[in-house]
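Heads up: the sequence lines are chains A and B, in that order.
Each step along the first sequence adds one to the number in this note's numbering, with nothing skipped, and position 123 is 123.
Each step along the second sequence adds one to the number in this note's numbering, with nothing skipped, and position 125 is 125.
I should point out that these hints are in silico values taken from the structure, not numbers from a laboratory.
Incorrect hints may have been included.
[Stated by the list, open to error] Computed cross-link-like contacts, EDC-like style, restricted to lysine to aspartate or glutamate with a CA-CA straight-line distance of at most 16 Å:
1. A:K82 - A:E93
2. A:K261 - B:E75
3. B:K180 - B:E131
4. A:K261 - B:E78
5. A:K160 - A:E181
6. A:K174 - A:E124
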Amino acid sequence: MFDEIVAVTENRPLTGGHFLLSVQSPRQAKAIRPGQFAMLRLPGRSDVLLRRPMSVYDVKPLSGRLRSKSVHPPQLIQFLYKIVGRGTRLMAELKPGDKLGVLAPLGHGFFVEEYLPQAEAAEEILHVAGGIGIAALLLPARELARHGLSQRLFFGSRTKADLVGLEEFKPLVKGVALATEDGSRGHQGFVTRPLADYLARRRDRKFLLMVCGPWAMLAATVALARQYGHACLVSMENRMGCGLGVCLGCCIQVEGTGHGKYQRVCTEGPVFWADRVIWENEGIPKT
Amino acid sequence: MKASSKATERRREGGKTSARPQPNFQPKIDVTIAGVHFQNPVMTASGTFGYGQEFSQVIDLNQLGGICVKGISAEPMEGNAPPRIYETEAGMLNAIGLQNVGARRFLEEKLPFLRTLRARCIVNVFGYTTEDYVRCIETLNKGEGIDAYELNISCPNTRCGGMVYGNDPKLTEEVVAASKRVARYPVIVKLSPNVTDITATARAAEAAGADALSLVNTFVGMAIDIETRTPRISNVTAGLSGPAIKPLAVRMVYQTYHAVKIPLIGIGGIATAEDALEFVLAGAQAVQVGTANFYAPDTSLRIVEGLRAFCQRKRVHLADLVGGLRIPGQTANSSSGIA
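Looking at chain A on its own, in the form it has when it is part of the complex (with noise of 0.2 Å):
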């Protein structure tokens, strides 16, 4: 983990209000794991005071083009980021060469030592993404690529204009299945709708669920996985004060009694087993 001032390279406008905004570190991007978030700070800011956690959408050599990734070592590290606030409000307005502070790598991510007996003893891995859920997905999906697992996505969000990163995603899985609310894209409704027609076909398979999205997306994807019998990995978002373990701020109830009740998503998680989670008690702010 390392706490550094960092300067931008690159804050690209995609659709729908997303970002994507490369930052140069070489430290952080190489000790970066799959499913393993940052805490960004607008220095000098004291309207903004907290830092803001988001998912480490991608790492990157310096200029990924002309160098080959096994010979350089990655340098940038990519955020994928919806305007929702106040802090991602002010992001949008960063510039290359503007400096960003970044704490990182935080948390507990899709550790692939920890889930590859379940994912190897799957037909496919099926990502779900919600919205912005998508950001947390690539990097795991690209590493169990390199294992060479079979895997598939799940894709909804409000509108097709959300739908970012999907291109990255392609080349990783085997089929994709997107859906959106208002059916500018693929089915109209939410995204598991198509997942629970997917998992109704195969009930004599095994799949592992890797889920990243809003809590009822979750909540309701979760559900899905547990009446089909199936392991499902999610990675949560919740308010952080500090990511580093010690606000207790950012906590949510798991399975367990007196002080294991509650876990911080910053240390503990964010990516759980989701049978762990308390999914009744919905505790995550809606932004």
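Chain A is already provided as a structure; the job is to place chain B on it using the hints.
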């Protein structure tokens, strides 16, 4: 004693221009509070720094004056339901509910690391009843390497908890006296700002034998999501901290400085050396950094450097600045005009 030290400081400052320059002047910023020597006056506030170890990868903990660990209770506590935090203008609300590992596990798992540091280890103690505080301290007394206790009688986020003590001078006196009777280490009492007159609880704590006071804890606040009409924090009310509360906290240190003789540790929205110096001039011998640890873990270390640089520039030792506020038209150390 205060008056003479302040007068000395004033004479020194007043005669500065005519005094010969002292190129080798090395300002002293170390401080001794309740018999405990701190290499510098900057500590991390309870609840914002975990048990220290969490920050060991990010900053050099040995450069800190002290570490006040997360509030410890006799038994482990699970804390409040989420959501627990919410950012406000230049501040934040929190209602964690003192989730902690309990005194026994603290001794086994957390203290051995803290003991290895040059930074002083202050253990924040919490309870619902006087017996809870006593029981917690009796357990902690078995630990080696604790430098002082900080009695949390001011947490606003637990039902019928610490703040009841902090709001009532009589209860304050009772819990401080009971804690002092059993405590093996010096007792610092952390005061609540959610009172009409903070000097009343300050005096009560002093009368009951407190070795020092730290002030202030968070202010009770609230925020509402107008779309859902629900509170932003599950506990409904929560403690406000951060730069937003600094002027309130400085005022309370100033008032308390003139009400008691025991040393004060200033807390409330401190993020820079300049902030810390305001507290020192108002009467604090040391300071604690809280919310700033969350977004800038190196804040305390920058403050230490800033204090040293300020003292160097002013050619004073930090102790000479304590309570050194000058109010035009008032004589030195006059306490008139204080509400």
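Checklist line | Ascending list of hint numbers which this structure does not respect | finding: none
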